[in-house]
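Visitor: Let the hints inform the model, and build the full structure from the sequences given.
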Amino acid sequence: MTSPSPELVALDRLTSGRSTCRAYRHTALDRELIRSIVGMAGRSASWCNVQPWQLVVTETPGSTERFRQALMHRVAAHPGNESDLPFPPSYEGIYRERRRGAGLALYSALGIGPKDSERSAEQALRNFRLFDAPHVAIVTVPAELGPYALVDAGGFVSSFLIAAYAHGVATTPQGALARHAHFVREYFGIPDTQHMICGISFGYAEDAHPVNQFRTTRAAVDDLLRFA
-9 MTSPSPELVA
1 LDRLTSGRST
11 CRAYRHTALD
21 RELIRSIVGM
31 AGRSASWCNV
41 QPWQLVVTET
51 PGSTERFRQA
61 LMHRVAAHPG
71 NESDLPFPPS
81 YEGIYRERRR
91 GAGLALYSAL
101 GIGPKDSERS
111 AEQALRNFRL
121 FDAPHVAIVT
131 VPAELGPYAL
141 VDAGGFVSSF
151 LIAAYAHGVA
161 TTPQGALARH
171 AHFVREYFGI
181 PDTQHMICGI
191 SFGYAEDAHP
201 VNQFRTTRAA
211 VDDLLRFA
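For the sequence shown, our numbering assigns the number 218 to the last residue and increments by one with no breaks.
It is worth saying that the hints were derived from the structure and are not from the lab. A quick note: this is a predicted structure, and the numbers were derived from the prediction, not measured. One should not assume that every hint holds.
As the list claims (entries may be wrong) - Here are the computed distance ranges between Cβ atoms for each label pair:
hint : residue 1 : residue 2 : range
1    : 108       : 25        : 37 to 45 Å
2    : 107       : 156       : 37 to 45 Å
3    : 53        : 206       : 24 to 32 Å
4    : 119       : 215       : 36 to 44 Å
5    : 30        : 198       : 24 to 32 Å
6    : 0         : 35        : 13 to 21 Å
7    : 157       : 35        : 16 to 24 Å
8    : 0         : 203       : 33 to 41 Å
9    : 21        : 144       : 21 to 29 Å
10   : 25        : 217       : 40 to 48 Å
11   : -2        : 94        : 17 to 25 Å
12   : 20        : 145       : 21 to 29 Å
13   : 156       : 203       : 16 to 24 Å
Ideal Cβ positions, reconstructed from N, Cα and C, are used throughout, including at glycine.
Guide: In structure tokens:
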């Protein structure tokens, strides 16, 4: 059996090592570092090479903090869903089990009991605090391109997460921010011809924080694959 190629070893290390960060240091990232991450992510494949993804990124911790405070105020005043895209009405079966398992693992790492509704609510709100990250990217696609643009954007987001990890930068993909898509678009001057997909908070991880110690599981290959 031949030895694995350097490319395979590197990809395995990147895909197995990346995880979602939920506690950040306040250190700003250099602008050229951010550009490098986005440049790598921008090599993602897309249908007919349309490359529908667009990003708005907060450049400094100060600009991120201003958005964070405005978003927290909005969430408190308007807690409902105003997303551009429909959220799942419910999660059932294996999807419910996976979602619940991830939540239990997170709360266990933080010492939050299953009946501690107050601390659970506080942790949920940290989504809108961007987990104190120094930067956030808002990902959008043109509404006119329909569902396949969302598929393309998903590939871009995955590439962004891996590219960031390769640069030593932690990330948090956040669908929760899309609950307030109308506000987010208005805040950043994004036209309503764009649909907001998600946010990605990013920066250097607070590695010692307990919340960054736990890992979610992944389905086995045989649960995903069927040969025909």
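Visitor: It remains to establish, for every hint, whether it holds in the given structure.
Guide: Tested hints:
Evaluation of the 37 to 45 Å hint for residue 108 and residue 25 yields a pass: the beta carbon distance comes to about 41 Å. The beta-carbon spacing between residue 107 and residue 156, approximately 39 Å, falls within the hinted interval of 37 to 45 Å. Take residue 53 and residue 206: their Cβ atoms lie about 31 Å apart, and the range 24 to 32 Å holds. Here the CB-CB span from residue 119 to residue 215 is close to 38 Å, well matched to the stated 36 to 44 Å.
In this structure, residue 30 and residue 198 meet the distance hint of 24 to 32 Å, their C-beta atoms being roughly 28 Å apart. At roughly 19 Å, the beta carbons of residue 0 and residue 35 sit within the given window of 13 to 21 Å. Hint check: residue 157 to residue 35, Cβ distance near 21 Å, so the stated range 16 to 24 Å holds. In this structure, residue 0 and residue 203 break the distance hint of 33 to 41 Å, their C-beta atoms being roughly 24 Å apart.
For the pair residue 21 and residue 144, the supplied restraint of 21 to 29 Å holds, since their beta-carbon distance comes to about 26 Å. Between residue 25 and residue 217 the Cβ separation comes to about 42 Å, which falls inside the hinted range of 40 to 48 Å. Evaluation of the 17 to 25 Å hint for residue -2 and residue 94 yields a failure: the beta carbon distance comes to about 33 Å. Between residue 20 and residue 145 the beta carbon distance is about 26 Å. The supplied range of 21 to 29 Å therefore holds.
Look at residue 156 against residue 203: about 21 Å separates their beta carbons, and that is inside 16 to 24 Å.
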